[in-house]
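Sequences listed follow chains R and Y, in order. First residue of the first sequence: 1, per our numbering; consecutive thereafter. First residue of the second sequence: 1001, per our numbering; consecutive thereafter.
Calculated directly from the structure, the hints in this document are not laboratory data. Virtual Cβ for every residue (Gly too), placed ideally from N, Cα, C. Misleading hints may appear alongside valid ones.
[What the hints assert, rightly or not] Looking from chain Y toward chain R, a few residues come up when the C-beta cut is under 7 Å (computed):
#1 Ala1108
#2 Gly1112
#3 Gly1125
#4 Ile1131
#5 Val1136
#6 Arg1229
Here's the letter readout for the chains.
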Amino acid sequence: MDGILYEAQRQGRISFYMTHYGEEAMMATAAAVQPEDVVFGQYREAFMLVYRGFTIDEMVNQCFSTDLDYGKGRQMPIHYGSKKLNFQTISSPLGTQIPQAAGAAYALKLSGQQACTLCFFGEGAASEGDFHAGLNMAATLGCPTIFFCRNNGFAISTPSSEQYKGDGIASRGVGYGIDTIRVDGNDVWAVYNATKAARRIAVEENKPVLIEAMTYRIGHHSTSDDSTKYRDRKEVEERAQFDNPITRLRRYLENKNLWDQEKEDSWRKDVRKEVLTSFAAAEKRKKPSLQHLFTDVYDEIPANLREQQRELERLIKQYPEYYSTEEFASS
Amino acid sequence: MLSKSIQQTCRLAPLLTKCRGYATGAPSLSGIQQGVAHSKLLKRAPEDALRSPELAHLSATHSETKKMNLFQAVNDAMSIALTTDDTAVVFGEDVSFGGVFRATSGLAEQFGKDRVFNTPLTEQGIAGFAIGMASVGHTAIAEIQFADYIYPAFDQLVNEAAKFRYRSGNLFNVGGMTIRAPCSAVGHGGHYHSQSPEGFFAHVPGLKVVTPRSPIQAKGLLLASIRDRNPVVFFEPKCLYRAAVEEVPVGDFELPLGKAEILKKGTDVTVLGYGAQIYTLENAIQLAEREMPGLSCELIDLRSILPWDIETVVESVKKTGRLVIAHEAPKTAGVGAEIASTVMEHCFLNLEAPIQRVCGWDTPFPLAFEKFYMPSMIRCFDAIKNAVNY
Chain R
1 MDGILYEAQR QGRISFYMTH YGEEAMMATA AAVQPEDVVF GQYREAFMLV YRGFTIDEMV
61 NQCFSTDLDY GKGRQMPIHY GSKKLNFQTI SSPLGTQIPQ AAGAAYALKL SGQQACTLCF
121 FGEGAASEGD FHAGLNMAAT LGCPTIFFCR NNGFAISTPS SEQYKGDGIA SRGVGYGIDT
181 IRVDGNDVWA VYNATKAARR IAVEENKPVL IEAMTYRIGH HSTSDDSTKY RDRKEVEERA
241 QFDNPITRLR RYLENKNLWD QEKEDSWRKD VRKEVLTSFA AAEKRKKPSL QHLFTDVYDE
301 IPANLREQQR ELERLIKQYP EYYSTEEFAS S
Chain Y
1001 MLSKSIQQTC RLAPLLTKCR GYATGAPSLS GIQQGVAHSK LLKRAPEDAL RSPELAHLSA
1061 THSETKKMNL FQAVNDAMSI ALTTDDTAVV FGEDVSFGGV FRATSGLAEQ FGKDRVFNTP
1121 LTEQGIAGFA IGMASVGHTA IAEIQFADYI YPAFDQLVNE AAKFRYRSGN LFNVGGMTIR
1181 APCSAVGHGG HYHSQSPEGF FAHVPGLKVV TPRSPIQAKG LLLASIRDRN PVVFFEPKCL
1241 YRAAVEEVPV GDFELPLGKA EILKKGTDVT VLGYGAQIYT LENAIQLAER EMPGLSCELI
1301 DLRSILPWDI ETVVESVKKT GRLVIAHEAP KTAGVGAEIA STVMEHCFLN LEAPIQRVCG
1361 WDTPFPLAFE KFYMPSMIRC FDAIKNAVNY
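So that you can see chain R by itself, here it is in the shape it has in the complex (with noise of 0.2 Å):
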């Protein structure tokens, strides 16, 4: 699906993307914890959302902004959202998450719920100021909360170097009070692992936890960026050649005999298939109802609001030639 929807934007038929690559093995988290868990991403955890259950089809609508959207349009594509999944919809400022999901764990815990809260963050958020307001609050307080800092070596053009003199996340997490690991992140068992293990750490001594996985962000940053202009190329296709989460989990998966190249072949053809059946219905969908520019700010639209929906509406009206709503579904 990166794949696709990566060249997707390339072609100019969706504004935004951001790819997975070489971080596949976060996957591990999702097996690791229970649905009721709720997550706070940052925007590269997807694999979250495949593993619970989200279609490819609810992806590629957000990204494309359809009628179908749950978030109704108004985010840049992998803004992923969902309330069934118990997954706290992505917004673009970085480690804001990190304090909320110290203060949904609390919420947990006084109700009784046996749950954490899992908070993703790559470890250039981790120098926001609310990466330390959220884990200190996290310890004091009590929050059964798993802290899951993907080290990547990059913030956009960023390195590790320029980011933290320190040794990396995990140090931090001892000066907090918190139990703290550091895990090879290409590996998806080490990952599941220490994720379960900080799962039964969380929920039931209350407590939360500090997981940093090393690894390295092989995909540009975005399809805003171009990471040749500030790394190796070498660098990066040895480190996708040498240590790929995938293709390790592959040659495990070879050796125990469940799976095999057929198997590779037949399941890429169909992710292929589906990814672009879903594509192409998207393509073809209605954005969401214009009514929706207005709704969602309140609960309920206040009458500033309505008043410049109505100034709006005659604008649509008296200028159709530049405000065409064609692509736009009906309220």
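With chain R fixed as given, assemble chain Y onto it according to the hints.
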């Protein structure tokens, strides 16, 4: 229109001796009894407390009232919220022992340390934590110790809380969160214990911004804010915490958000403010009506700054043709600017004089010069006079 005679008698009459800040409540200027302590707007008798049509429904069932100052009324509102909603919690810096302004006194003892608790000293953390709790359906009542220190939480409030419902297509919302913060001048607060930052938040679609003028208002508006299904920033004028005392209904009641209140009917000029400024305006009106016999001012308490009650204000200005707006925050791009331009759009043909704005100067809030910074009774009086004489 004002009669000629009123305009002619308008003059700045014998100003008297000492002039002290309203917080001290000194009766000093031109015989006007200045200050909250002398306000006729506070309900000092139980029967007055329930006279407002907004509270009429209470008189049948819970007519009992109790004398409370503003911090006690805020405390009472939170106590009711914690009693009626099992998911409600109260937290912030130093709230556990009762809060630096005593607003959370006794709550930790009554409701337990899990529901009323101290946080580390981090405003962005407090706001983010509140958002997180509300995002899973709980009620979070968070305190920022002074409104001056709300800026570290600005990102969480503006980018996160305000946009939570909209950006998720209403999958998620943080309607259960309320941020309380003591605001405004206190006589000696200097730069960082005096600010009125409501204007910053008035520019943020998705937030509600509310400020009360009295204990009854504080209780009713805070309960409404806590229960409103949108994130609310609730600014409490700290100079009123102890100074404003009235008979407050002991029952569970709410006052409507988004509705201004006409405190005094008048026909010649609309005078508009909110929070503690209401008492300064009350005094300015007394002075103006005494100095300009026959003058009739209408006093409006905006109460909700976002969304604000355009209809009530516009209706009033259509009647009076004149508008004076006063707030402590600096003038440029303040809330007054928004009100003035909106009223101009709606009342262009009714306006008899330029809209007057009496605000803090465009400076940081100064310590030694506070009296000269404030939109004082004299400045408000002068503005009413200018509007009337134009």
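- Message: For a quick check of understanding: which of the numbered hints are violated here, in increasing order?
- Response: 1, 2
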